[in-house]
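**Student:** For reference, the chains in residue letters:
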Amino acid sequence: MSYSAFRIFKEALTGHKGWKPVWRKAEPRAQYDIIIIGGGGHGLATAHYLASIFDKKRIAVLEKGWIGGGNVGRNTTIVRSNYMLHENEGFYEFSMKLWENLEQDVNYNAMVSQRGVLNLYHSDGQRDAYVRRGNAMALHGADAKLLDTEAVRRLYPFLNFDDARFPIQGGLLQPRGGTVRHDAVAWGYAHAADKRGVDIIENCEVTGFDIQNGQCRGVMTSRGPIKAKKVGVAVAGNSSRVMAMAYMRLPMESHVLQAFVSEGLKPLLDGVITYGAGHFYVSQSDKGGLVFGGDIEGYNSYAQRGNMPVVEDVCEGGVSLMPMIGKARLLRMWGGIMDMSMDGSPIIDRTHIDGLYFNGGWCYGGFKATPASGYSFAHLLATDTPHVTAKAYRLDRFSRGLMIDEKGQGAQPNLH
Amino acid sequence: MSLVDKNVPLNFTFDGKAYSGFEGDTLASALLRDGVKVVGRSFKYHRPRGIMGAGSEEPNALVEIHGRGVCEPNRRATTIKLFDGLKAKSQNHMGSRNFDLLAVNDFIHPFLAAGFYYKTFMWPEAFWEKLYEPVIRRAAGLGTLTRRADPDSYDKGFLHCDVLIVGAGPSGLLTALSLGRAGQRVILADDDFRMGGRLLSESFTVNDALASEWIGEVLEELSEMPEVRLMPRTSVFGVFDHGIYGALETRTDAIGVGGARQTLWRIYAGHTVLAAGATERPIAFANNDRPGIMLASAVRSYKNRFGIDLENTVLITNNDDGLRTDAAHIIDTRGGGYIANTAGRKGLRSVTLHTGEKLTANHLAVAGGWNPNVHLTCHKRGRPVWDKALACFVPDAATLPADMSVIGAAAGHFSTHSAFADANAVAKKLGAKTPALPKAEDAPIQITPLWHIKGAKRAWVDFQNDVTAKDITLAHQEGFSSVEHVKRYTTLGMATDQGRTSNVVGLAVLADATQQTIPQTGTTIFRPPYSPVPIGALAAGHAGQHFKPTRLTPSHSYALENGAAFVEAGYWKRAQWFARTGEKGWRDSVDREVIMTRNSVGICDVTTLGKIDVQGRDAGKFLNKVYVNTFSTLKVGKCRYGLMLREDGIAMDDGTTARLSETHFVMTTTTAKAGPVFRHLEFVRQCLYPDMDVHLISTTDQWAQFSIAGPNARKLLEKIIDPEFDISNEAFPYMACAEMKVCSGTRARIFRLSFSGELAYEISVPARYGDALVSELMAQGEEFDAVMYGTEALGVMRIEKGHAAGNELNGTTTALALGLGGFVSKKKDCIGKVLSKREGMIGQDKLSMVGFMPVNETDKITNGAHFFTKGETHNAQNDQGYMSSVAWSPSLNSYIGLGFLKNGTNRKGEVIEAVDYMRDNHVNLQVVNPHFIDPEGARLRV
Amino acid sequence: MIINHPLLGPRDASEFTYLGDAALMLRPNPKSDTAADSFYSYQYIRENTAGQHRELWYHEQGDRSWLVVTRNISTHEITKVELARDVKRAKAINNEAATHELG
Amino acid sequence: MSNLKPTLPLGSYAKQWTSLSLQERYVGEIVSIATPQGREKDFSSGFKTTFGKPPPKPNCYVEAQNAQIIWSGVGQYLALIDGENVRADIDIARAFKGRAYTTLQSDGWASLVMSGDKCLDVLERFIALDLRPAKADFAARTVAHHIAVIVIKLSETEFQLLTPRSSAHSFVSALEHVVEHVVQPQS
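Residue numbers (this note's numbering), protein chains in the order written: chain A, 339 to 754; chain B, -3 to 938; chain C, 1210 to 1312; chain D, 794 to 980.
Please note that the accuracy of each hint is not assured.
[Claimed, not checked] Below, computed lysine-lysine pairings styled on DSS-like, alpha-carbon distance capped at 27 Å: (1) 450(B) - 429(B); (2) 617(B) - 846(D); (3) 834(D) - 1300(C).
[What the hints assert, rightly or not] Label pairs and their in silico Cβ distance ranges: (4) 930(D) - 1279(C): 49 to 57 Å; (5) 348(A) - 121(B): 21 to 29 Å; (6) 825(B) - 567(A): 44 to 52 Å; (7) 391(A) - 581(B): 26 to 34 Å; (8) 837(D) - 1256(C): 52 to 60 Å; (9) 333(B) - 348(A): 45 to 53 Å; (10) 1260(C) - 488(A): 51 to 59 Å; (11) 567(A) - 902(B): 43 to 51 Å; (12) 804(D) - 488(A): 32 to 40 Å; (13) 391(A) - 869(B): 26 to 34 Å; (14) 121(B) - 546(A): 43 to 51 Å.
[To be verified] Looking from chain C toward chain B, a few residues come up when the C-beta cut is under 10 Å (computed): (15) 1235; (16) 1248; (17) 1249; (18) 1251; (19) 1254; (20) 1258; (21) 1261; (22) 1267; (23) 1279; (24) 1289.
No lab work stands behind these hints: they were computed from the structure. Each residue gets a CB set at the ideal place from its N, CA and C atoms; glycine is no exception.
Can you make the complete structure from the sequences, with help from the hints?
**Tutor:** Written out as structure tokens, the structure reads:
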């Protein structure tokens, strides 16, 4: 079914009786050409691009629970393409371009809202690193502007300019950055993929791989075995668990990242702000809640929840940057499991098992990558060659010494 | 008989109008007593709303508290303890609360059904940010946050107890009493300002007397027990790992009156007894959201606790408990009665029954049954289970944290008698003797659930977010059948009340739509916090300058008095430069400091560099493991530069290490890496080589350390060094170190080190003498025109000298890239050596550090620029590297830079392009040796 | 979280700094022919199994001990806390054994 | 003697509230003493000879003549020694006959003493340690407001706090903030 203003008007007058499910409740078939494990943003996007760009048929997405229940539904909704290393910037800028056309592509309003992402700096060293980053962005055709203190003050006069432990010296602004209504991304991709015949199968947990002679021939699931020519895994947060069923160990740890939302407030904050002297970033949702977050908890975890020290650390950052939010109240907090890779960058690659493909290691940057990740993974699954923007995301880059380490922290995932 | 003190009147204003209430009132009770009906507006349709509950479950009566020029938005009027001078305002309206222009939304509601925005506003593409979204954003949101700093101050603290009891109703009080008598450390917390729980709101008796008498006796005894801490107005909002609970204690609702407005407690409990009671839920029927329609339990609270008789009350109930409410007319749905509609936009006027009969009513009490407050049992992902007989979710023993017990109504044991019985059982389990059970009512639960009276009109489920029963069925129709999908699609339960009154009703409506039972349909998980927590309280004590500690150097006072500008270096404040009168900008000062140092002598406080005492018989062997070069062979009385790698082969830190004796080394680290390096060394010592005899102690704060650099450095140092010590070039050559005495017997360590490239020493004295030493050095240096120099001049000189610093040791560079490949010992293993040989980290095409000078001498070099081979297109594929450090060199009269260039070592002399879009500065640079000054190192050896 | 320090008793986890899998104590033999491979695995590959996890915590704001904490990373329940040096001494006959297993 | 004037980290800070006082206390010298690996017995006897007592257990300190010695880590102790002697580390190493590694730490710490009935009410708003059941010889290192602190119980109403010199001013201002929420300024 297609959505339009006219359709809403018509349905409103006829008691909304004509609306159909956004995606079908598909039943698993015995065999597919391509199976995607994971009905999150990345998996559904992969299915959508496989069907729409690469013209593939007989595709299924297997989801152990309900679609969009993983990290696509539990993040802080920020999209941006402001990376320093070329291996990342090309990919994320590709993603940004796909975001900019997403709604028209999937016929679903995911509220892509480009109100700007501002990264603040508080020292000469940070400024210089942002200049290097801004220049890298420019070289990929992305937009970046270096702001001084006064320019930041004009944008956000209520930040702490007078009594800050680490005074704001300026910021790197990406005007095209912004936020996207996260749940709607999953629903939108599901809607579009479904229209092209992709089977989206919920409550279908993969319990094993059917691997014979180094070749993956399908999967075992809670709803029976399903054969497939190719299997793509897109289960970030649970990558190690799923790949262990193929006897693979990954360069990855699972960590928990908490996110927070305040009670609803009248409009206050237009874009996204990232604090350079504390663990705090914030935006305001269309409903009025301040959506904010900080650093990962720092210890391995598969529990989707965190602890007090990080909550306090994030709020300390928030109050020191925006003293007025002392009077706003934290309404809800939740945790998501991050695939923290060993260099802070993702992996989109074939595995040593024929027919088994892997997409993961998104750390806490997976949401903004959703379209490009789906597109690149679809490219890899369809053509067996990496997409041009995702060529560096290889599994063997660690053994070869080709790490993509934006933060320069080395092989310690909790520092990325 | 009420619990407000009519002898203590309190004056307050609401929307500017003066009212008065009494001590013991909440804002809600005082407004009700004064006949205020409309208190606020709903989120989406801007419907007029009144007061629905009497506690923290209130979804409607949200107000702002004003004071000291700011407001606290979204406060439930039912939890604000009335105080004299309170200024409250209604919120979420355009116009006044009685005439809200946005109420137009209520009349076009068919177009605003659940999820309508996902299906439109997509065309034209550019209109979203410019037109549609701003309109939506303006209409959304609830209260307003003042754009001014929060004037309040907060505390944060830590409490420890054997048993934390959450909720001071009958079960909590009795448990506390038994445990307290047994001498256990008990914390009894309740979010109400008065302890007693539901007993305060009902007309029950305990031991055949008024319940309030029993409460009074228990509280009196508890308050005299030293190991029992009574914490009223304390909301236990979150359950965390290992028995840690988050709690918020509120001292006052007044803003900016001094002291801590609230205290955030981290409670460490051996065991927790959840006695949090239960919350009554409404029933969904047509226009069930009008001002005057209230929970039956709230009607009883206002009557019994606050002494307010709500006139013209009709009751609708599906259970016996509701029948406790005084009402002129009772609709018991178990007898087939129900409500078809209500009327009265700004205050209930009438109720239409299923028979068509219209009852005049100003208040409607709704009793839909009770939901145990199981929230805290879910924070660690426990899942409550459905109890069919009670028609509610109760805690599931199987998923309950092992250190938590749930008693009383929170466990689904609703009568006062069963609450007491639970209390005694849990106290016994926790090892306490228990008193005889107080005599109390023991009414059974008689309920026939009724969730939703279907009809054509809207029936509210989530009052605050304006989610109606129809929205839920529409979501189901569109395929959103998982309860999580429904929540996200309709926003059910996502408002500031976190679905306290709406979740179960919503689930029931969904169960009906999916033709399933409630437990089949699912449950929702409750996340912290139980009640919203001010961000200011969570950040207590860390606002403004207190965000992070400040570390001061020994010369801080001297620097303050001598015109220093300061720069943040981690937590340190370091002097950046010392301005003198007549200097027009920082460059003037920095240039002068560099020139005077290079011409004569300069002094710089380098205390911030990490200093680590490494002692032990295996200290040399240990340093061989952590440094790429060899230290075991270093002679006593000598220093050596050391480079340290991470195990992945990337440079981690560098510095000099001195050998003071066979078993004693002093290591220096960079300022930024002092902490991480110490941790790394301890890892190597304890986790890799625990049998080595090595001890580590940080001495960063112990020693005040100054660099004395320049051609006259020795002459200056000789003036203060005690005469028995010889620091001539022969006796104390470059890289020598020794313990000596200065200024008539002051213990000092002298290191002949140079970061600037000049003849230089570093002198360290116990920090107690640091302030005096810097003054003494400057006084003695007067004849040489000695200067203090700051971090900027330090930076200029190290760039002139071509030393890598933090900008180069950026976590991605190898020893090779830094031009330090030659330091790596071929004879021994060290941390990082094996992995530094991977193919991607070696080879000619890799980045290596070189120097840069502008071809056109007037051109400026900017840091962060990217390099391109001359004539090649500026794009990502052609990128040749980046600039990492830049300075104006007063010695060379030119900008100079250090940067990383592909195959840089072999490109000296080449002219490349440096491209900086951020500062719009594209210049031609010549690739040069990074050692701009004295590459042979002659000066530092004189 | 609370870490029950074997010498100091229960301490809030915020006194500690986390490193990762306790297998990081088993640095491979740099002289072995397979050093390149074993160092790659040692440094980059993690079991990351949901369930019991032996991991290294450093008591940075305390006694500077490195601890091996056995914690269930699905529930965060801690069942054992040991001094890392004791664990290393007990297990490591050869300090630089080219093994990936611990305990 | 040195012609350089020594300064205390907090410039002899002292402040009084109605029922609580906070003041910098000069502790003489502080020396870190570490046990050489494999020579634990020698070390113990050296300790006994030097201080006349066996070393303290974890979380504890011992009072010796002219000194207070705190357990600071495995095989490590922190000795607070009366009187000024900037070579105390060397002298102690000598007293141990080389059976100990010593490091001068006197200047690394600022020392404060908090006295009054409300000490515990202040400290529970400042550090996470459970001090109410603490024994008379309690001493432990922890963190407050991101700053390291060694807490030494002197009596039920008196605690000594050691905190690193460079951040001592921040430490005091954070502590004062809490104190002023608990007790009233002296009028």
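**Student:** Taking the hints in turn, state whether each one holds.
**Tutor:** A quick look at each hint next to the structure:
1. 450(B) - 429(B): violated, 52 Å
2. 617(B) - 846(D): violated, 34 Å
3. 834(D) - 1300(C): Status holds; Cα separation ~25 Å.
4. 930(D) - 1279(C): 49 to 57 Å: violated, 31 Å
5. 348(A) - 121(B): 21 to 29 Å: holds, 23 Å
6. 825(B) - 567(A): 44 to 52 Å: holds, 48 Å
7. 391(A) - 581(B): 26 to 34 Å: Taking Cβ atoms as reference, residue 391(A) and residue 581(B) lie about 56 Å apart, which means the hint is violated.
8. 837(D) - 1256(C): 52 to 60 Å: violated, 42 Å
9. 333(B) - 348(A): 45 to 53 Å: violated, 38 Å
10. 1260(C) - 488(A): 51 to 59 Å: This hint holds: roughly 54 Å between Cβ atoms.
11. 567(A) - 902(B): 43 to 51 Å: holds, 49 Å
12. 804(D) - 488(A): 32 to 40 Å: holds, 38 Å
13. 391(A) - 869(B): 26 to 34 Å: For residue 391(A) and residue 869(B) the Cβ distance comes to about 29 Å; the hint holds.
14. 121(B) - 546(A): 43 to 51 Å: holds, 44 Å
15. 1235: holds, 9 Å
16. 1248: holds, 4 Å
17. 1249: holds, 7 Å
18. 1251: holds, 8 Å
19. 1254: Cβ of residue 1254(C) sits 13 Å from chain B, so the hint is violated.
20. 1258: violated, 19 Å
21. 1261: violated, 16 Å
22. 1267: For residue 1267(C), the interface hint holds, since the closest Cβ of chain B sits about 6 Å away, which is under 10 Å.
23. 1279: With Cβ-Cβ at 14 Å, over 10 Å, it is violated.
24. 1289: violated, 14 Å
The structure fails hints 1, 2, 4, 7, 8, 9, 19, 20, 21, 23 and 24 (numbered hints given earlier, in ascending order).
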